[in-house]
Each structure stands twice: as structure tokens, then as C-alpha cells.
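Number of protein chains: 2
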Amino acid sequence: MASGNATERLVDAAALERFVAEVFERAGAPRDEAERVADALVSADARGMTSHGVMRVPMYMKKVRAGGFKVGTKGKILRETASIILLDGEDGLGQVITWRAMEEAIRKARDAGAGIVGVLRSNHFGEGAYYALHAIKNDMIGLLTTNGSSNTPAHGGRTMVAGNLPLTVGVPTDKELPILLDMAMCASSKGKIAYAAKKGERIPPGWAVDSNGQPTDDPQKVLDGGWILPIGGYKGWGLILILDILSGVLTGARLGLEITDLFTGEPSSPQGLGHFVMAINVEAFMPVAEFKRRMDARIRSIKQSELLPGVTEILMPGERELKLERERRKNGIPLSVNVLDQIAVVAKELGVAAKLP
Amino acid sequence: MASGNATERLVDAAALERFVAEVFERAGAPRDEAERVADALVSADARGMTSHGVMRVPMYMKKVRAGGFKVGTKGKILRETASIILLDGEDGLGQVITWRAMEEAIRKARDAGAGIVGVLRSNHFGEGAYYALHAIKNDMIGLLTTNGSSNTPAHGGRTMVAGNLPLTVGVPTDKELPILLDMAMCASSKGKIAYAAKKGERIPPGWAVDSNGQPTDDPQKVLDGGWILPIGGYKGWGLILILDILSGVLTGARLGLEITDLFTGEPSSPQGLGHFVMAINVEAFMPVAEFKRRMDARIRSIKQSELLPGVTEILMPGERELKLERERRKNGIPLSVNVLDQIAVVAKELGVAAKLP
Numbered sequence: 014m015a016s017g018n019a020t021e022r023l024v025d026a027a028a029l030e031r032f033v034a035e036v037f038e039r040a041g042a043p044r045d046e047a048e049r050v051a052d053a054l055v056s057a058d059a060r061g062m063t064s065h066g067v068m069r070v071p072m073y074m075k076k077v078r079a080g081g082f083k084v085g086t087k088g089k090i091l092r093e094t095a096s097i098i099l100l101d102g103e104d105g106l107g108q109v110i111t112w113r114a115m116e117e118a119i120r121k122a123r124d125a126g127a128g129i130v131g132v133l134r135s136n137h138f139g140e141g142a143y144y145a146l147h148a149i150k151n152d153m154i155g156l157l158t159t160n161g162s163s164n165t166p167a168h169g170g171r172t173m174v175a176g177n178l179p180l181t182v183g184v185p186t187d188k189e190l191p192i193l194l195d196m197a198m199c200a201s202s203k204g205k206i207a208y209a210a211k212k213g214e215r216i217p218p219g220w221a222v223d224s225n226g227q228p229t230d231d232p233q234k235v236l237d238g239g240w241i242l243p244i245g246g247y248k249g250w251g252l253i254l255i256l257d258i259l260s261g262v263l264t265g266a267r268l269g270l271e272i273t274d275l276f277t278g279e280p281s282s283p284q285g286l287g288h289f290v291m292a293i294n295v296e297a298f299m300p301v302a303e304f305k306r307r308m309d310a311r312i313r314s315i316k317q318s319e320l321l322p323g324v325t326e327i328l329m330p331g332e333r334e335l336k337l338e339r340e341r342r343k344n345g346i347p348l349s350v351n352v353l354d355q356i357a358v359v360a361k362e363l364g365v366a367a368k369l370p
Numbered sequence: 014m015a016s017g018n019a020t021e022r023l024v025d026a027a028a029l030e031r032f033v034a035e036v037f038e039r040a041g042a043p044r045d046e047a048e049r050v051a052d053a054l055v056s057a058d059a060r061g062m063t064s065h066g067v068m069r070v071p072m073y074m075k076k077v078r079a080g081g082f083k084v085g086t087k088g089k090i091l092r093e094t095a096s097i098i099l100l101d102g103e104d105g106l107g108q109v110i111t112w113r114a115m116e117e118a119i120r121k122a123r124d125a126g127a128g129i130v131g132v133l134r135s136n137h138f139g140e141g142a143y144y145a146l147h148a149i150k151n152d153m154i155g156l157l158t159t160n161g162s163s164n165t166p167a168h169g170g171r172t173m174v175a176g177n178l179p180l181t182v183g184v185p186t187d188k189e190l191p192i193l194l195d196m197a198m199c200a201s202s203k204g205k206i207a208y209a210a211k212k213g214e215r216i217p218p219g220w221a222v223d224s225n226g227q228p229t230d231d232p233q234k235v236l237d238g239g240w241i242l243p244i245g246g247y248k249g250w251g252l253i254l255i256l257d258i259l260s261g262v263l264t265g266a267r268l269g270l271e272i273t274d275l276f277t278g279e280p281s282s283p284q285g286l287g288h289f290v291m292a293i294n295v296e297a298f299m300p301v302a303e304f305k306r307r308m309d310a311r312i313r314s315i316k317q318s319e320l321l322p323g324v325t326e327i328l329m330p331g332e333r334e335l336k337l338e339r340e341r342r343k344n345g346i347p348l349s350v351n352v353l354d355q356i357a358v359v360a361k362e363l364g365v366a367a368k369l370p
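Just so you know, the protein sequences line up as chains A and B, in that order.
Read in my numbering, the first sequence has 335 at position 322, and its numbers run on one by one without any break.
Read in my numbering, the second sequence has 212 at position 199, and its numbers run on one by one without any break.
Hints are computed from structural coordinates only; laboratory data are not their basis.
It is possible that part of the hints are untrue.
As a list, the in silico DSSO-like pairs of lysine-lysine whose alpha-carbon atoms are at most 30 Å apart [stated by the list, open to error]: (1) 316/A <-> 234/B; (2) 316/A <-> 203/B; (3) 316/B <-> 234/A; (4) 316/B <-> 203/A.
Note that the coordinates shown come from a computational prediction; the quantities given were computed from them, not determined experimentally.
Just chain A, with the same shape it has in the complex:
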């Protein structure tokens, strides 16, 4: 199928998932691991989270083939209490390890009310929403974060000491779409800055600074040694630090500059990431149906807000992405022809017989 844009092609989600799973299987992953990664990547594309989608297949394959991402492990439980698990990811595929972590958190939460799984020795897990949705499907609140390679200075500093860390929270609802907050703690992303630079556009105040740490609206100056700022300055930096502690310090994972960057690091080197994965069983607080009714009522009361000029609707966190997913799973996912070509090259090298859908 061809979309209107010649640089993009509409691809069927299910067919793409089968193809990507075959690529991972050919690279040595057991069938269930291959399917897990494929599902996670294609789901991200379906929800418009392109940067966590199948465009990462060539990079992931590079890591798998060099040994930085290990196939054939779902991690190993190191410690366990009634509501806590410490999981050694054994340098496995981030999606496989993090799915396992959320499964264990849900299991703990079912019995104890809350479950927290700390993960060390893991790799890039992609889109956090994928795991939070699993908690939602189990009538639980899911919450997770991860540490990451250093691209953000402390407030007042210029040394890169922590990542632009994400927080993902999913909350089940009744008739309304679930709440699915999935955000990084900086005001923007490298992708958005690069896009603005390419288009010759200015960036909003508060997004980023130049190489001297001075505020700038010139995206090129940000790319030339500047950096993106945490939201709310010292506040966002404080939130990053907490996420870094929960996912990294508490789990025994690598910290700061010890972490191998996905892009610039040795392909053979595992990233050594830490994650913090939590499930809260709403049933411990009130009947699930009552909680869902309360959520729906809260969402509706907010959506009835008087709107600012130019705004047509109050959107809840995740609403845009979940609606997009519904549409794309039906009509296909628009993917860059360039990305598809790169995946085809990797697939051919691995001896995948099937053609890209």
C-alpha cells in the first residue's frame, strides 16, 4: 500500500509484527522473545511513538549480533519479599526483561496489594506505555521508569550526569480511554530540536540552552554542544534525580556514565540499565468497578472544562496515542520507506525468506 507521501508506505501492523518477529528469531531469539520485541516495537509505531518503533530494528540487531543484547533469558530473581522483587536482567532484551518485570509486579500486587520489581543489567525497553498497558489490562495502576545514558546536567552544572528520564503511568478506566502518561522529564527531545533546525524554525523559550548554558531559541546552537532543559528547571531536575535513584541506585544497576549508550557505545557492551516497575492493585482500595466509575467521572468532569481560544477538546494523557493506535491497527501504519529498506537489508543478511509486508 502506498500512502500519499512518497517517502512513506502504509504497512499492516500484524504482518509487520510477524516479519519483525522472524528477524529476531533468525538472530537467535526464542520464538516468544522474538514475538515480545516485535509486538512492543510495532505497538509503539501504531501509537505514533516512532522513535521507539521498528526503526530501532537495525540497531537492536547490531546489539544482538555483537552480544550487547543477549537472547534466551527472561532474567533471574535475586531477591523476593511479599511485595518486592529484584530481577537480574542478565543483559537480555529490554522488552523481554521489562515485560517479565511487569508480570511479576502484577503477580505481587494481586497478592499483596502493591508490587515493585527493581531490575538491573537490563537494556533499552523502548516505549514505557507498552508495559503500563499490561497493568491496565489487569485492572491495576502500572508505573515504571528507567535510568539511561547521560545527556542532562544537574541544575547549575554543565557535566552530563543523568538521562532525560521517562515516567510512565497507566490507569484503568471504564468507558473512557485509560490514562496513559508517558513522558520524559525534559522540555523537549533531541528529535524535535533536530527537526526545528532542519526546518529553520526557532524553538520556544525554556526548551534548551547553548554550549555555554545560556538560553537560546536557535535549535542549531542546541545541537552544537548545548542541551535540553528539564521541565521547570530545578524541579524537573529533581524529578530526574528521583527516577535515577529508584531505577538505578536502588536496583544496583550501572549509574550515570557507567551506562553504555545505545547509539555511541560498543555494540558488544550491554547497557547495564536499571528499571523500577510497579503495579498497584486498585481492588485493595475499593471494588474495581467503583474505581473505574470514579475514573470515568473524574475524566468527564475535566473534559467539561471551559476551553481556551483555539482549543477544541481537552485531551487526557495517552488519548491521542490510543486513538491513533486504533486507527492504525485497522488501516495500516505509515512507515518511512528508508526505515523499511534498512530493515529489509538486515533481514536479508539474516536469511529471512519472507518479504517485508
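Chain B: place on chain A using the hints.
Just chain B, lined up with the frame of chain A:
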């Protein structure tokens, strides 16, 4: 003792605490409840959190005497699992109920690894750091939030639907000061805006909007029907929504406009607040000493950052407040003579024999 500023007086922390406790006892609070509230309020003043300090005594007394804050209850457990408690605050003193909640969370975390206490029917708890420090003293990570009366619109809206909600996280350390993040999710506070207006100063971009929802650097326009923005726009709004769900929807507390405002509401009406109070036992993940060493090392690596021009030191969240507390507990707390006079009036009405220190 007189401080350099004639409108302020240096007051001994311990003496002030005894006096405030007597005020609450005279108003009918059992001795232990009176001491809890007094300790919480004076601690906030010691850490420079004036807006959550003894300046609230007259307002609290108004609520206590009218029945909006009830004395003589530490709340009642409604539901309990291995790691969760749902606590009915029975409209008690916010400080008493929230202290109880953190105590129960710590107890749960000691046994299960993690403890979450959801609270409903509570009142203003003041400074979140007070309870997080209790977790820290028990070698645990403490995390709490609360919902609050509506002063913030949803992203894209202009109806006030949620509070400028706080998140407090405390993390134990070894030789370094503990991490004590205690922040609200909006870019500024009403106090700071009013102060800028009084001084005739502009406010930074991104802080607030006027009554039409348009960005403004004029603090007076914010006071005249405008509002303060969440950090990072839709991101901070998303964080507020999650805090609102955890503290309010999940606990069965009042939501949004149902909540009685501390200042504008009927003094006889309980606020009906909900809180989310969590403790994580670091011992469940690794030996406490190892965790504390990792925390110290992480803090030191961050503090070694190259600094931006004009910056003399990287400060960790809570560092300024904890150092201030140490100094003020030794040398006295500077308090507004006006505030002290108001407290003296209330104390006299209640028949407190002692004089303000």
C-alpha cells in the same frame, strides 16, 4: 531576641513548639496530637517553608474551633492487605493523620518491602518533607502526595479542575545529607507572584498566564484572574493528574471542586482531602549500608560537575532546607512579628497562660 529586621523576631524552636502545642491542647487536642502538629509546623519554619509553618496556627484554630478539623482521632483503618492500607482520616488534623499514614506505610514496608497507605477524609497536612523525613530515619524511601482545592486548569482549559499538587520524596544517605525533594507541579506559587507584584517586578516566561490564558510577565495580571502554569505545560499537567488520581480517585476522597478550600471554605466544613503515602524498604533490595554508600557516591559524582558561570555549588533537593534547619534549631527561627502577634491573640482567647517565647 531581636533579629536585624525589625519586622521579624528570632524565636527559639523548642520553646515555640511547646507554646504551639499548648495552644492546640487548649483547643481540645490530646497532648500527643498537639505535639505532633506543633512539631510539624515549627519544623517547616525551621526549614524555611514559612507558608506551611506557624503562620497557619490562627487558620488551624479557626478550623478546630468550628469543627472542620477534628481533634481526638488518628484515623481508622478501613481496608488492609500485606502492603496496602486504606485509612479513613475521620476529618482529623492533617498532620496527625498523615503521620499515622507514614507510620503504617513504614510498618507495611518493614514486613512486605513496600507499604502504601491511601487516606481519605483528611485535612491540610502542611509540609510533605516532615513525613518523608520519618521514612528516611527508618532507612526507607518515603514518597507522598495529596490532592487539594482546585486552582489549576487542565492543559487547554480555563476551568480550575485540580490543585497545584505536591510530590515529596525522601531518600536516606550515609554521610551526605538525605535527598528531600518537596515540590509542587506548577512553575511558581501564588506567594511568589504576589511578591513580584508588590515589588513591581516582571515574572519569567512560562510561569503564568493572564485571565485570557495568554502568557504574561506581569504578575498583577496573574493575580487579576490569571493562573500559574504546570511545569512543562502538558507534561506538568499530566503529572498533576496522576497525583490527583493516586491521592484522590484511588482513596475514595473528595475530588476537584468537592474539596473544601482551607482559606475560602466554611471553617466548619472538613476539607475531605485524600493522600497517597508510600514507604519502600531499601533492605528489600540490598543491605541498607550498601544502598547508603551508593547514594553518597551518586551525590558526590553529581556534585563534582563542572559548574555554569555564576554557580558556586550543585545543591541536591532539600540540601538548602536541611542546612537551614540545622542553623535555625541552633540560633532561632526568624518569624514575622505580625504572625507572632496573631498567634498570641489566638492563644489568649484560648486561655493559654504561657507567653510566646
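Verification of the supplied hints:
no., hint, in the structure
1, 316/A <-> 234/B, "holds (26 Å)"
2, 316/A <-> 203/B, "holds (25 Å)"
3, 316/B <-> 234/A, "holds (26 Å)"
4, 316/B <-> 203/A, "holds (25 Å)"
Violation of the numbered hints given earlier is absent; every hint is satisfied by the structure.
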